[in-house]
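Using full-length UniProt numbering, you'd call the opening residue of the sequence shown number 1 and step up by one each time.
These aren't lab readings, by the way, just hints derived from the structure by calculation.
For every residue, glycine included, the Cβ atom is placed at its ideal position computed from N, Cα and C.
Misleading hints may appear alongside valid ones.
[Stated by the list, open to error] Derived lysine-lysine pairs resembling DSS-like cross-links, with alpha carbons at most 27 Å apart:
(1) Lys93 to Lys81
(2) Lys126 to Lys146
(3) Lys108 to Lys93
(4) Lys146 to Lys157
(5) Lys146 to Lys156
(6) Lys126 to Lys109
[Said to hold, decoys possible] Now the in silico label distances, taken between C-beta atoms and shown as ranges:
(7) Cys174 to Val136: 52 to 60 Å
(8) Thr22 to Met107: 55 to 63 Å
(9) Val136 to Leu158: 25 to 33 Å
(10) Glu90 to Glu129: 54 to 62 Å
(11) Ile74 to Leu94: 26 to 34 Å
(12) Leu165 to Asp142: 28 to 36 Å
(13) Leu78 to Lys28: 25 to 33 Å
(14) Leu94 to Ile120: 36 to 44 Å
(15) Gly77 to Met113: 49 to 57 Å
(16) Gly58 to Lys81: 34 to 42 Å
(17) Glu90 to Ala128: 35 to 43 Å
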Amino acid sequence: MSSSRGSSSWNSEINGAPMKMTCRCGDKVYLKTSWTQNNPGRRYWACPKYGQKFGFCGFFIWYDPEICARAKNIIPGLLEKSNKHQYQIEQYKLRNAEMEAQLLVAMKKVDDMNNALVEIEQYKLKNAELEAQLLVAMNNVDDMKKALVVCKNKIKKLWAATILLSLLYLVKLCSN
Numbered sequence: 001m002s003s004s005r006g007s008s009s010w011n012s013e014i015n016g017a018p019m020k021m022t023c024r025c026g027d028k029v030y031l032k033t034s035w036t037q038n039n040p041g042r043r044y045w046a047c048p049k050y051g052q053k054f055g056f057c058g059f060f061i062w063y064d065p066e067i068c069a070r071a072k073n074i075i076p077g078l079l080e081k082s083n084k085h086q087y088q089i090e091q092y093k094l095r096n097a098e099m100e101a102q103l104l105v106a107m108k109k110v111d112d113m114n115n116a117l118v119e120i121e122q123y124k125l126k127n128a129e130l131e132a133q134l135l136v137a138m139n140n141v142d143d144m145k146k147a148l149v150v151c152k153n154k155i156k157k158l159w160a161a162t163i164l165l166s167l168l169y170l171v172k173l174c175s176n
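Could you build the full structure based on these sequences and the hints that come with them?
Here it is, written out as structure tokens:
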């Protein structure tokens with residue numbers, strides 16, 4: 001049995017069933033996965049203290065058979081590619097989140113512009129209403145000006161008639 005140090009993962013269950021094996025120090029052993037160059041992906045049983053400098057009882061048993069040389073060469077490359085792809089996925093997720101945030105900002109701007117356009121249309125309608133009212137008022141002013149001219153002419157005629165009648169009255173008084 002060979003042991004090698006490297007990264008590993010812990011698991012206290014096999015296929016969903018709890019582990020019942022214990023190591024020499026009495027602790028429950030865990031199924032770990034080796035990710036070293038010599039044993040990539042190979043599982044083994046080990047004490048929870050395995051790999052520690054102090055309190056390590058040394059319990060270690062391979063669970064999986066030894067990996068063939070070809071797999072030892074292929075698995076690290078596949079893991080590297082997998083990690084690279086996982087990194088790219090994370091980068092795409094971050095970029096996607098950034099783009100979604102930018103999209104929300106852009107959609108807010110579009111909503112604001114649409115609201116502004118609605119407001120502009122409302123002002124245009126109100127302006128058209130006011131222009132129509134102004135036109136009616138200007139027509140009324142023109143009509144009033146014409147009526148004023150007619151009234152002034154009538155007043156002039158009435159003054160002329162009043163003066164004429166006054167002169168006739170005076171002439172009549174003087175002739176008697």
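Quick rundown of the hints versus the structure:
Taking the CA atoms of Lys93 and Lys81, the gap is near 18 Å; set against the 27 Å cutoff, the hint holds. In summary, the hint linking Lys126 to Lys146 is not supported, as the alpha carbons are separated by about 30 Å, beyond the 27 Å threshold. Note on Lys108 and Lys93: the hinted pairing holds, with a Cα-Cα distance of about 22 Å set against a maximum of 27 Å. Only pairs whose Cα atoms come within 27 Å are accepted, and Lys146 paired with Lys157 is accepted, the gap being roughly 17 Å.
Of the supplied pair hints, the one linking Lys146 and Lys156 holds, its CA atoms being roughly 15 Å apart against a limit of 27 Å. Simply put, Lys126 and Lys109 have alpha-carbon atoms about 25 Å apart, close enough for the 27 Å limit, and the pair holds. For the hinted restraint 52 to 60 Å between Cys174 and Val136, the CB-CB distance of approximately 56 Å keeps it satisfied. For the hinted restraint 55 to 63 Å between Thr22 and Met107, the CB-CB distance of approximately 60 Å keeps it satisfied.
A hinted range of 25 to 33 Å holds for the C-beta pair Val136 and Leu158, which are about 32 Å apart. Checked against the hint of 54 to 62 Å, the C-beta distance between Glu90 and Glu129 comes to roughly 58 Å, which is consistent with it. For Ile74 paired with Leu94, a C-beta distance near 30 Å keeps the hint of 26 to 34 Å intact. The hinted window of 28 to 36 Å between Leu165 and Asp142 holds, with their beta carbons roughly 35 Å apart.
For Leu78 and Lys28, the hinted distance range of 25 to 33 Å is satisfied, since their beta carbons lie about 32 Å from each other. At about 39 Å, the CB distance of Leu94 to Ile120 agrees with the hint of 36 to 44 Å. A hinted range of 49 to 57 Å holds for the C-beta pair Gly77 and Met113, which are about 52 Å apart. For Gly58 and Lys81, the hinted distance range of 34 to 42 Å is satisfied, since their beta carbons lie about 35 Å from each other.
Distance hint check: the CB atoms of Glu90 and Ala128 are about 57 Å apart, inconsistent with the given range 35 to 43 Å.
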